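Participant: Below are the chains, spelled out letter by letter.
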Amino acid sequence: QKEVEQNSGPLSVPEGAIASLNCTYSDRGSQSFFWYRQYSGKSPELIMSIYSNGDKEDGRFTAQLNKASQYVSLLIRDSQPSDSATYLCAVCTESSASKIIFGSGTRLSIRP
Amino acid sequence: AAGVIQSPRHLIKEKRETATLKCYPIPRHDTVYWYQQGPGQDPQFLISFYEKMQSDKGSIPDRFSAQQFSDYHSELNMSSLELGDSALYFCASSLGTAILSGNTIYFGEGSWLTVV
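Protein chains in written order, with the working numbering: chain A, 208 to 319; chain B, 9 to 124.
These aren't lab readings, by the way, just hints derived from the structure by calculation.
Being a predicted model, the structure only gives us computed values, none of them experimental.
For every residue, glycine included, the Cβ atom is placed at its ideal position computed from N, Cα and C.
Do not rely on the hints blindly, as some may be mistaken.
Partial selection, computed: residues in chain B whose CB lies under 7 Å from chain A [to be verified]:
# : residue
1 : S56
2 : T112
3 : E117
No more than 25 Å apart at the CA atoms, straight line, and that leaves these computed lysine to any residue pairs for SDA-like [said to hold, decoys possible]:
#  : chain 1 : residue 1 : chain 2 : residue 2
4  : B       : K65       : A       : T231
5  : A       : K249      : B       : I13
6  : B       : K30       : B       : T122
7  : B       : K30       : B       : I20
8  : A       : K249      : B       : K21
9  : A       : K249      : B       : L19
10 : B       : K30       : B       : H81
11 : A       : K209      : B       : I13
12 : A       : K274      : B       : W120
Hey, can you work out the whole structure from these sequences and the hints?
Facilitator: Here it is, written out as C-alpha cells:
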C-alpha cells in the first residue's frame with residue numbers, strides 16, 4: 208500500500224463547476240498536508256496546506272482534513288480551464304519530519 | 009521574490025557518465041530537498057539536508073551523492089549514469105523542516121536529465 212493514495216483520473220469537470228479531489232494516507236502520525244498543482248513538465252506549485260481537522264478556504268480552493276478517517280480533499284469552486292493540471296497530495300509524517308511524500312497525482316481536466 | 013534556483017535546466021549525458029546538479033535555495037532557507045520525477049510518475053524523495061547535515065534519505069541510489077554547502081546551496085552528484093536515471097530532478101527548500109506548521113516547501117523549476 209502506498210503511503211499516499213490518489214485516484215489517478217483523469218477527472219473531467221465542466222467549466223464553472225466544483226472539482227473535488229481526494230487523497231488518503233496510511234500513517235496516522237502524519238502532521239502536515241499539502242496540495243500541489245503541477246502542469247506538465249513544470250515544478251509542483253503549492254496550492255494549499257492544512258494542519259488541523261476541518262476546512263481551510265483560500266479563494267476558490269478549500270482543503271478539508273479528517274485525521275480520524277486519514278482523508279484529505281481539495282475542492283475547486285468555479286473551475287476554470289487554467290485549473291487543468293495534475294494535483295498532487297503530499298503528506299509530512301511525524302516519523303519523517305524532514306520530507307514530504309507525494310501521492311501519484313490526479314489529472315484534472317476542465318472542459319469549456 | 010527570489011525562488012529556488014536550479015542549474016542546469018537541461019542536461020544530456022551518455023551512459024556511465026557523471027552529472028552534477030546544483031540547487032540554490034530561497035535566501036535564509038536552511039533545508040533543501042531533492043526529488044526525482046520520472047515521466048508520468050509522482051516525485052520520489054531522494055535526500056534532504058538541514059543546516060548542512062543530511063536529515064533524511066529516501067530512494068537515492070548508491071551511485072548518487074549529495075551535500076549542502078556552507079552557503080546552503082546543494083549539489084546532487086550522479087555517477088555511472090543509466091538510461092533509467094533520465095528524469096526531472098527537483099530541488100526544494102524551506103525554512104526549517106517540513107513537519108513544523110507553517111513551513112512551506114518551495115520547489116525549483118527542475119533540471120531535466122536525459123541519459124542516452
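Participant: Would you mind marking each hint as holding or not holding in the structure?
Facilitator: Structure-based check of each hint:
no. : hint             : verdict
1   : S56              : 5 Å, holds
2   : T112             : 6 Å, holds
3   : E117             : 5 Å, holds
4   : B/K65 to A/T231  : 23 Å, holds
5   : A/K249 to B/I13  : 14 Å, holds
6   : B/K30 to B/T122  : 16 Å, holds
7   : B/K30 to B/I20   : 15 Å, holds
8   : A/K249 to B/K21  : 21 Å, holds
9   : A/K249 to B/L19  : 16 Å, holds
10  : B/K30 to B/H81   : 7 Å, holds
11  : A/K209 to B/I13  : 30 Å, violated
12  : A/K274 to B/W120 : 36 Å, violated
Of the numbered hints listed earlier, those contradicted by the structure are 11 and 12.
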